[in-house]
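Enquirer: Sequence:
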Amino acid sequence: MTPRDQDGHHGCGPGARRTGGGREAQRAERRAAILEAAMELIAERGYRRTSLAAVAERAGLTQQGLLHHFPSKELLLVGVLETRDRWDLASAAAAAGARHTDTLAQLVDYNATRPGLVRTYTVLSADSVTEEHPARPFFESRFRAVRAAMATVLRTECGEDLPGGLTPERAAPLMVAAMDGLQLQWLLDPDEVDMPAAFRDFLALLGCGEPGAGEAGDGPGEERGGEPGEGPDERPGEH
Numbered sequence: 001m002t003p004r005d006q007d008g009h010h011g012c013g014p015g016a017r018r019t020g021g022g023r024e025a026q027r028a029e030r031r032a033a034i035l036e037a038a039m040e041l042i043a044e045r046g047y048r049r050t051s052l053a054a055v056a057e058r059a060g061l062t063q064q065g066l067l068h069h070f071p072s073k074e075l076l077l078v079g080v081l082e083t084r085d086r087w088d089l090a091s092a093a094a095a096a097g098a099r100h101t102d103t104l105a106q107l108v109d110y111n112a113t114r115p116g117l118v119r120t121y122t123v124l125s126a127d128s129v130t131e132e133h134p135a136r137p138f139f140e141s142r143f144r145a146v147r148a149a150m151a152t153v154l155r156t157e158c159g160e161d162l163p164g165g166l167t168p169e170r171a172a173p174l175m176v177a178a179m180d181g182l183q184l185q186w187l188l189d190p191d192e193v194d195m196p197a198a199f200r201d202f203l204a205l206l207g208c209g210e211p212g213a214g215e216a217g218d219g220p221g222e223e224r225g226g227e228p229g230e231g232p233d234e235r236p237g238e239h
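Residues 1 to 239 (the numbering used here) make up the sequence shown, in order.
FYI, nobody ran anything at the bench for these hints, they're computed from the structure.
Please note that the accuracy of each hint is not assured.
Stated by the list, open to error - Across the chosen pairs, the derived CB separations fall in these ranges: (1) Gln63 - Ala32: 15 to 21 Å; (2) Thr152 - Gln63: 17 to 23 Å; (3) Asp161 - Ala25: 18 to 24 Å; (4) Glu40 - Gly181: 36 to 42 Å; (5) Gly207 - Glu132: 37 to 43 Å.
All figures in this text were calculated on a predicted structure; none of them were measured in a lab.
Glycine included, each C-beta is placed from N, C-alpha and C at the ideal position.
Generate coordinates for the entire structure from the input sequences, incorporating the hints supplied.
Expert: Pasting the structure below:
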């Protein structure tokens, strides 16, 4: 048999029994490997066809080892979404100096190239409204933070008074709803719903952008409007 350490890692290299800071670094590396494997498999197969066993195998762990880091599939998916958010924040920081609403529009463009992650987010966020769902704390915290960030963006770029007499705080939930609602419609009918153009139209209604400006999808990822290995039974409207 192949030796394993307590985290279920195949092999017994020099770092397998580290303690202290080395052990923590090793755990962080394994967690990162699990999340990377999960993101790859979601992109290839869709989240419903991505099993914990498949993620563990790709990450070089046993399934028990994976469960040591992520006790359930829902918590693994939350970890994937947290990683996605960190990457998106890093991209936004790299675009410092650009209008923040332009950066948001570019993020919508990029999301149009990665339907697997968008589908995971859409279904998991809807499921999280049930009591005791493991993803509920993540989404409650995320939506509070996103609404606050949107209000700041709107105040900075559009001022205190938006069309219809809206304040930035009142408009912020509408912007979040527009982004998430467009994602759902695009996932269900990508040939009919041009998500990037529709979001720019919404920004224009708020007086913060050019209607229909820009083209989708310069970022890396999947082809717009489809996902390899995911058929009609993977549509997010099932739950």
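Enquirer: So which hints don't hold here, by number, going up?
Expert: 2, 3 and 4
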